[in-house]
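Enquirer: Okay, here's what each chain looks like letter by letter:
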Amino acid sequence: MIAPRWRKVFRDIADTPLRTALAVTAMAAGAFGVTMILTSYSILKRELKTTYSDTRPASAVLVLDGPASDALVDSVRQTPGVRDAESRPVIGGRLFIGNDQWVPLILFVVRDFRDIRLDRFTPDAGAWPPGDGEVLIERSSLSVARAAIGDRVIVRTSDHVERPLRIAGTVHAAGLAPGWMEHAVAGFVSANHLRSSADQIRLLVTGDTLDERHIRDIANRVARSIGHVTRIEVPTPGRHPHAAQMDTFLYLLGAFGVLTFALSAVLVATMIHALLTEQLRQVGVMKTLGASTTQIASLYLGQVAILAAAAIAIGVPLGIAAGQAYARFAAGMLNATITNAMPALWIVVAEVAAGIAIPLMVALGPVAHAARISIHEAFGNDVGGKPFGTRRFDRWLARIQWLPRPLMLSLRTTFHRRGRLLLTVATLAAGGAAFIAAMNVSAAWTRTLDADGHARRFDIQAVFARPYPVAQVMQALASVPDVVHAECWTEAGATLGDANVSLVGPDVDSKLLALPLIAGRWLRPDDDAVAVINQSVLSLDPTLHIGGDIPINVTAHVVRLRIVGIVKELAPRATVYAPPRAILRATGKPAGLARSVRIVTRQRDVAGQVAASKAIEQALENAGISVAGNQALSDSRKSFSDHLVIIKSALIFAALLVVLVGGLGLTSTLTLNVFERTREIGILSAIGATPGTIARDVVFEGMVMAVLSWCAALLVSIPITFALDAATGQMFIRSALEFYMSPFASAVWLLLVLILAALSSFYPARRSARLAVREAIAYE
Amino acid sequence: MIHLQGLSKTYETPAGAFPALRNIDLEIAAGEFVAIVGKSGSGKSTLLNMVGGIDRPSSGSLRVGGRSIQGLTHSELASWRGRTVGFVFQFFQLLPTLTVAENVMLPMDFCGVRPRSERRKHAMSLLDRVGVADQADKLPSALSGGQQQRVAIARALANDPPVILADEPTGNLDSETSIAIFRLFGELSGEGKTLLVVTHDREAAASVSRTVTIVDGCVA
Numbered sequence: 018m019i020a021p022r023w024r025k026v027f028r029d030i031a032d033t034p035l036r037t038a039l040a041v042t043a044m045a046a047g048a049f050g051v052t053m054i055l056t057s058y059s060i061l062k063r064e065l066k067t068t069y070s071d072t073r074p075a076s077a078v079l080v081l082d083g084p085a086s087d088a089l090v091d092s093v094r095q096t097p098g099v100r101d102a103e104s105r106p107v108i109g110g111r112l113f114i115g116n117d118q119w120v121p122l123i124l125f126v127v128r129d130f131r132d133i134r135l136d137r138f139t140p141d142a143g144a145w146p147p148g149d150g151e152v153l154i155e156r157s158s159l160s161v162a163r164a165a166i167g168d169r170v171i172v173r174t175s176d177h178v179e180r181p182l183r184i185a186g187t188v189h190a191a192g193l194a195p196g197w198m199e200h201a202v203a204g205f206v207s208a209n210h211l212r213s214s215a216d217q218i219r220l221l222v223t224g225d226t227l228d229e230r231h232i233r234d235i236a237n238r239v240a241r242s243i244g245h246v247t248r249i250e251v252p253t254p255g256r257h258p259h260a261a262q263m264d265t266f267l268y269l270l271g272a273f274g275v276l277t278f279a280l281s282a283v284l285v286a287t288m289i290h291a292l293l294t295e296q297l298r299q300v301g302v303m304k305t306l307g308a309s310t311t312q313i314a315s316l317y318l319g320q321v322a323i324l325a326a327a328a329i330a331i332g333v334p335l336g337i338a339a340g341q342a343y344a345r346f347a348a349g350m351l352n353a354t355i356t357n358a359m360p361a362l363w364i365v366v367a368e369v370a371a372g373i374a375i376p377l378m379v380a381l382g383p384v385a386h387a388a389r390i391s392i393h394e395a396f397g398n399d400v401g402g403k404p405f406g407t408r409r410f411d412r413w414l415a416r417i418q419w420l421p422r423p424l425m426l427s428l429r430t431t432f433h434r435r436g437r438l439l440l441t442v443a444t445l446a447a448g449g450a451a452f453i454a455a456m457n458v459s460a461a462w463t464r465t466l467d468a469d470g471h472a473r474r475f476d477i478q479a480v481f482a483r484p485y486p487v488a489q490v491m492q493a494l495a496s497v498p499d500v501v502h503a504e505c506w507t508e509a510g511a512t513l514g515d516a517n518v519s520l521v522g523p524d525v526d527s528k529l530l531a532l533p534l535i536a537g538r539w540l541r542p543d544d545d546a547v548a549v550i551n552q553s554v555l556s557l558d559p560t561l562h563i564g565g566d567i568p569i570n571v572t573a574h575v576v577r578l579r580i581v582g583i584v585k586e587l588a589p590r591a592t593v594y595a596p597p598r599a600i601l602r603a604t605g606k607p608a609g610l611a612r613s614v615r616i617v618t619r620q621r622d623v624a625g626q627v628a629a630s631k632a633i634e635q636a637l638e639n640a641g642i643s644v645a646g647n648q649a650l651s652d653s654r655k656s657f658s659d660h661l662v663i664i665k666s667a668l669i670f671a672a673l674l675v676v677l678v679g680g681l682g683l684t685s686t687l688t689l690n691v692f693e694r695t696r697e698i699g700i701l702s703a704i705g706a707t708p709g710t711i712a713r714d715v716v717f718e719g720m721v722m723a724v725l726s727w728c729a730a731l732l733v734s735i736p737i738t739f740a741l742d743a744a745t746g747q748m749f750i751r752s753a754l755e756f757y758m759s760p761f762a763s764a765v766w767l768l769l770v771l772i773l774a775a776l777s778s779f780y781p782a783r784r785s786a787r788l789a790v791r792e793a794i795a796y797e
Numbered sequence: 003m004i005h006l007q008g009l010s011k012t013y014e015t016p017a018g019a020f021p022a023l024r025n026i027d028l029e030i031a032a033g034e035f036v037a038i039v040g041k042s043g044s045g046k047s048t049l050l051n052m053v054g055g056i057d058r059p060s061s062g063s064l065r066v067g068g069r070s071i072q073g074l075t076h077s078e079l080a081s082w083r084g085r086t087v088g089f090v091f092q093f094f095q096l097l098p099t100l101t102v103a104e105n106v107m108l109p110m111d112f113c114g115v116r117p118r119s120e121r122r123k124h125a126m127s128l129l130d131r132v133g134v135a136d137q138a139d140k141l142p143s144a145l146s147g148g149q150q151q152r153v154a155i156a157r158a159l160a161n162d163p164p165v166i167l168a169d170e171p172t173g174n175l176d177s178e179t180s181i182a183i184f185r186l187f188g189e190l191s192g193e194g195k196t197l198l199v200v201t202h203d204r205e206a207a208a209s210v211s212r213t214v215t216i217v218d219g220c221v222a
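Respectively, the protein sequence lines represent chains S and L. With this note's numbering applied, the first sequence corresponds to residues 18 to 797, in that order. With this note's numbering applied, the second sequence corresponds to residues 3 to 222, in that order.
Treat the hints with caution; some may be incorrect.
[Stated by the list, open to error] Here are the in silico distance ranges between beta carbons for each label pair:
hint	chain 1	residue 1	chain 2	residue 2	range
1	L	74	S	768	52 to 62 Å
2	L	140	S	761	52 to 62 Å
3	S	768	L	143	37 to 47 Å
4	L	70	S	33	40 to 50 Å
5	L	140	S	346	51 to 61 Å
6	S	435	L	215	36 to 46 Å
It should be emphasised that the hints constitute simulated quantities derived from the structure, not laboratory data. Glycine included, C-beta positions come from ideal geometry on N, C-alpha and C.
Bound conformation, chain S alone (with noise of 0.2 Å):
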């Protein structure tokens, strides 16, 4: 048999359905923010991780300047140190999508399709492997080269030839970055019917995969002994290419769910709270029939565990199911599979173990101060308040005549109430700050990246297959209309290090660049072995200042350039900016002569831009100018803000997942706080105030208190959207994001919270003030 002490409870619970299920809402509404966070977190950090090992990725490619016979391969596998190999060059290209246009192309040389070693891909649909005139895309690219299964494409490679290729069918290459974000197409061919002068081996080492130097000796060691090795690269060991994204929406994940959580224990805690107060007279009753402080404590807090583990009950599935279904759009946004969607287990038991003693944890406080509470005032009512007129604030809010009096009442109950008050402001405030950080980083984001373009003054830029002399391509666009202005400029590859840098030598009067400089100064006309890096290059050895030299390997030679400037760009490549003639130079070559050019069209829209860019690719072709590229600003933009999506999903979804959160929690907190004034409701009613009165003056005060929530949520976002801003952007571009509060965000909370707070407080309100006045005034 129970005793009555715990049918008490169980019938608290049943016998007050709509406060029940709004703490339950409120608690599971957090339950599961916190869940389907804490699962799309746990499945897309495991599953991110093993779709790329999964490749088993090389942890070397040494690009050689010839061919590779399988013998030198097999010799390479036989090599101590190393545990496999494989030969497959890489040719550039681009690749036709009609209409005069290109899009960059690489192509994977494979050997034989039935003995992928290393960096694996797998069929994904249409025919495998090959044949001879077929390629494989790779499913993420598909979109990119405008084609279907079957269709012919034409390619045009590095050498600049043409040749038609069907697309035989699709493959997944886990370990490469999502096509449709680098604008790019990746495809595989048969070694039979396609060959590379230049051949690149790849090998896995033995011992440990992750330790850079130690791949880098046996690199060396391979290379030496094969000889013919022009280049090692060593990609950074267990990184997928585009781990810097990845590991930025993971954190935003990760952050959002510490403030969801946050958002979630507040709630629980105005839940507590409520539920409380309305039951002081009880506590006193059962403290006179004899009821230890510990049991009564044990009471409420079986009664919030209760609460608790309904909340869980609906919260946790429903955030698992979201947070699988989250987890697979993330995943297919970064090219990756999803092949166990379930959680990990310690997200489960976590959920479940912190959705009992959060609470509990929460409710140990008030539940001890209401245990302790003197029977005395416990049938007082008054826990724990002075009465109103005792405090500064007070008298000082008691000075303000000019309200009508029944606005000056609400005034006065909501800031006489401070606990209740308190809690509530928190509750929507974390809600509120959770929301505006997330729409302010994703701003911010915006902003870098149209900071970035506005820096970028040129159209279309065009790089070529090798040098041409300046005034050769000056010659040949000087025939193109919709050209405006144009500059050459110089480019060659590089190291610092072991990483490659690009090194870039624009014009030395440019007017087509203007980077934001984070010190020191831009290049002048009359600089000569001098450099400006960008922070990507800081980032690689932080002992670079200004005024110190970089030695950069060019050419397998060591040239130093005196840093005059640091600049801040987006994209997050290294790049060192030197004058052409300093670049030259260090690569052998004569003055005049230009590796690209960067042009001002006089379309400036993207239409007129893809216009131009045909245009100008055949004036250059016509002038016997091998392109190797050409890219419109415009599409090198959306290839870098598609780069932001998946981060941009990330802000988005924390914030919608905020929204509801928060929406739910406020309309409970509202509700709850009417409830409570029931009694003073029926009090108002008894002196004439009439339903529409009281309506009114309760939305006044549920707005005071959402108005009050939206300057403190102002304030809290402050710190949250600088360490976002500034943990976000270093992840992904190597420098902190500019801060800014967006007031698009700042006003929709703002209208957000003033309508929940409106409709939540209308209706109970309007309830209360149509109970008859002896019902309300009897209100337990």
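Go by the hints and put chain L onto chain S.
Expert: Relative to the frame of chain S, chain L by itself:
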């Protein structure tokens, strides 16, 4: 049974110190049925609260059932109260979500009095004693005021306390019911219980063995 000596209680209010009780000396023997009368705000309820351990005196000594309760901890006080004192309130204060019988069983539950299996039987006998046994499985809201107060009395008797304290027990009842309630108190007094009843009801109070009048916090 109840021994008060030099008992005073002063409340600190924003308007200054308010002496609710001043230097009260009062002796109540076991089995006495005492009415405490006086105007509103005279200190009657405060006196009752002191005796029941609901509030603590500012000074003076207080012994109930031979025991000084001033030094007891919260927990000891709760246990002492549950076994020694039965309370009856003006607004009955039955727990709304428990049935009549469960309300009566609650003090036994809190104080661990009687084996669990016997509690309902005991509650039923008490409800029978106060004449509402037929209402045992109803919720308080289904009962009239008089019936609720009878249940409250049964609840006050649940742990068989030697002292019953009632604060305006008939303040919310019609005169006929009030007389019946006082008759019931008289019977309890006859059985050896000590009753201390704060009341305004002079007619009902006529049945008591002694009347103590409080004026401005002092025994008149």
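Enquirer: Does each hint hold? Answer for all of them.
Expert: Against the structure, the hints:
{"no.": "1", "hint": "L:74 - S:768: 52 to 62 Å", "verdict": "holds (57 Å)"}
{"no.": "2", "hint": "L:140 - S:761: 52 to 62 Å", "verdict": "holds (59 Å)"}
{"no.": "3", "hint": "S:768 - L:143: 37 to 47 Å", "verdict": "holds (43 Å)"}
{"no.": "4", "hint": "L:70 - S:33: 40 to 50 Å", "verdict": "holds (42 Å)"}
{"no.": "5", "hint": "L:140 - S:346: 51 to 61 Å", "verdict": "holds (56 Å)"}
{"no.": "6", "hint": "S:435 - L:215: 36 to 46 Å", "verdict": "holds (42 Å)"}
Of the numbered hints listed earlier, not one is contradicted by the structure.
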